[in-house]
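Trainee: So the protein lines, in turn, are chains A and B. Start counting the first sequence at 1; every next residue gets the next number (the numbering used here). Start counting the second sequence at 1; every next residue gets the next number (the numbering used here).
No lab work stands behind these hints, which were simulated from the structure alone. Treat the hints with caution; some may be incorrect.
What the hints assert, rightly or not - Computed cross-link-like contacts, DSS-like style, restricted to lysine-lysine with a CA-CA straight-line distance of at most 30 Å: (1) A/K61 / A/K9; (2) B/K88 / B/K22; (3) A/K144 / A/K65; (4) B/K126 / A/K9; (5) B/K160 / A/K346; (6) B/K88 / B/K107; (7) B/K88 / A/K325; (8) A/K144 / B/K22; (9) B/K126 / A/K346.
Residues per chain, in single letters:
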Amino acid sequence: MGLTDILIKLGLIVIIFLISLVIAMYSTYAERKVAAFLQDRVGPDRAGPWGILQPLADGGKMFLKEEIIPTNANAFLFIAGPSLAILVSCIGTAVIPWGQQLVIGGHVIDLQVADVNVGVLYIFGVVSLGVYGIMIGGWASNNKYSLLGAIRAASQNISYEIAMGLSIIALLMTTGTLSLRHIAEQQTGFWHGHWFTWNVFSQPLGFLIFIICAFAETNRSPFDLPECETELVGGYHTEYSSMKLGFYLFSEYINMFVSGAVMATLYFGGYNFPLMHHIHSPNLVAILGVVVLFAKIFFFIFFFMWVRWTIPRFRYDQLMDLGWKVLIPLSIANIVITGVWITYFK
Amino acid sequence: MSTFYFIAFLSIFFSILVITAKNPVHSILYLILTFATFTVHYILMNAQFVAIVNFIVYMGAILVLFLYTLMLINLNKDSEPQKSNIIKIIGFIAGGCFLVAVVAALKAYQTSQLVVLQNPNLGLVKNLGKILFNEYLLPFEVSSILLLSAMVGAVLLATKEPKTT
C-alpha cells in the first residue's frame, strides 16, 4: 500500500465523517420541516432563507449553553456516556460500500473504507455497543428518571437485537456472504432473468422485521421509550445540558443515517440502480451509484420521520410483547421458509 | 509479538481492576474492557468470526444484561455492605487453595505442546462453518441441545408455580 493509497483512504474517511455530521445536522432541520408539513404548519423559517441556517443556530446554542455536571453524578462516566454514544454511531459507516470503484488517472479508488469479510456482523456489533453510551450516561447522572431510561434502553436493545439478528440470518442464507460489498454486488441492476435482483423482493418479511428493529435500535418513535417525556421527564438525558445533550441527539440522527445506509445496502440494492448496464462509462456509473445510494438513504431518513409524526408511542409492555411474541417467532418462521425455498426452488 | 504482549498486559490489567474496583458498576465496565481486549486477541489469531461473535454476544449482550441487573438491584450504592471477618477468612483460604491448584497444574505441564493449525485460515467464517457442520457436527448439535435445555430450565424456574388449591 503506497502513500497515495493511504492518503486516498484518509480522505475518504474524512469525507464520510463530514457527510455523516452534515446529514445529522440537517436531519434536525428536516425533522422539524417534515413535522411541520405533516401537521400543516410552517416550521422553522427565520434563520436564513426557508430557515436553512437553523441547524447552525441550534449548534451554536448547544456549544454556548452552560455546562452542568450534577453534584452527585459520577463526573468521568457522565462525560464518557455521550462521547461513547457519538463515537459508536460514527464508526458504523466504515464498512458501507458507497459506490463502485472509481478510476482516476490509473488509480483505482474503492468507495469503501474497509471491506471487512464479516461486514454484516461488524454493523451488528456496533449496533449492540450503541446502548452503552445511553446506559452509562443514564446511570452516571444519578437520577431515577435517567436510570429508568437507561434500563429501558438496555432491555429494548437486547430484545430487538435478537429479532434483527434472526432476520439477517435469513438474508445471509440467500446471499451466502457476510461482506457488504459482495451483498451489494449481487444486487446489480434491477431485473435479472425472471426476478428482481434486490434482496427486498426475495426477503420481504425479513425486511419488514429489520426495519421495525431498526426503529427500536435507534430509539426512534414509536419505540422511543428510553426518552419518553410523558413518563420520564427526558429519559436518559434528563440531567444533560449543552453539547453533551447535543451529542446524544446527534448520535440518534447519525444512527438513523447509518441504519438507512445499511437497509439500502442489504435490501434495496445499495448503489445499484435500474438500467445501470446501459451506461458504458464506469466512472459515471460509480458517481450515479453514489447519488442513488444517498437518495435511498434520504428516503429512509424521511421514512423514519414520517413514522415518528404519524404513529403514537407504544406502551412499554406492548413494546416487549411485539419484540418477543411477534417479531422473534415471525423471524424464525422466515428462516424456515427461506430454507425450504432454497432447498426446493433453487 | 509485541502487540500480543501489550494486549495481554491490558487484559490482565483490566481484569485486576475488575476485582479491585469498589463500585460494582465500575467492575462491569472494566470487564467490558477486558472482553474488548479478548476480541483483539482473537483478531491477532486470525479468528475473525470468533472475534466478532465475542464482541456481539459477550460485550454487546451478556454484559449489557449484567449492567442492567446491577443498575436495578444496586441503586448507586458506592460499596457493598461490609462482610464479616469469617467470610473474609474463608474467601482467603479458598482463593489460596485455588492458587496452589493452578500453580501445581502449571508445574505438571511444564512443556506445553504447541498446537499447529492445519489451515491458518480456519477462523474465517466459511472454513469454520464447513468444519463445524462436517467434522464436529455431533458435538455442535449436542451443545445446542444443552443450551436449549438450559433455556427451558430458566423459563421453568422463572414461571410461578400454579396454585394447587
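Trainee: Each of the hints needs a verdict: does it hold here or not?
Mentor: Against the structure, the hints come out as follows:
1. A/K61 / A/K9: Violated, at roughly 34 Å.
2. B/K88 / B/K22: holds (16 Å)
3. A/K144 / A/K65: Given that 30 Å is the threshold and the Cα spacing comes to 24 Å, the pair holds.
4. B/K126 / A/K9: The given pair, whose Cα atoms are some 28 Å apart, holds under the 30 Å limit.
5. B/K160 / A/K346: violated (47 Å)
6. B/K88 / B/K107: holds (28 Å)
7. B/K88 / A/K325: Measuring from Cα to Cα gives roughly 46 Å; hence the hint is violated.
8. A/K144 / B/K22: Between A/K144 and B/K22 the Cα gap is close to 22 Å, so the pair holds against 30 Å.
9. B/K126 / A/K346: OK: B/K126 and A/K346 at ~20 Å, within 30 Å.
When each numbered hint is compared with the structure, violations occur for hints 1, 5 and 7.
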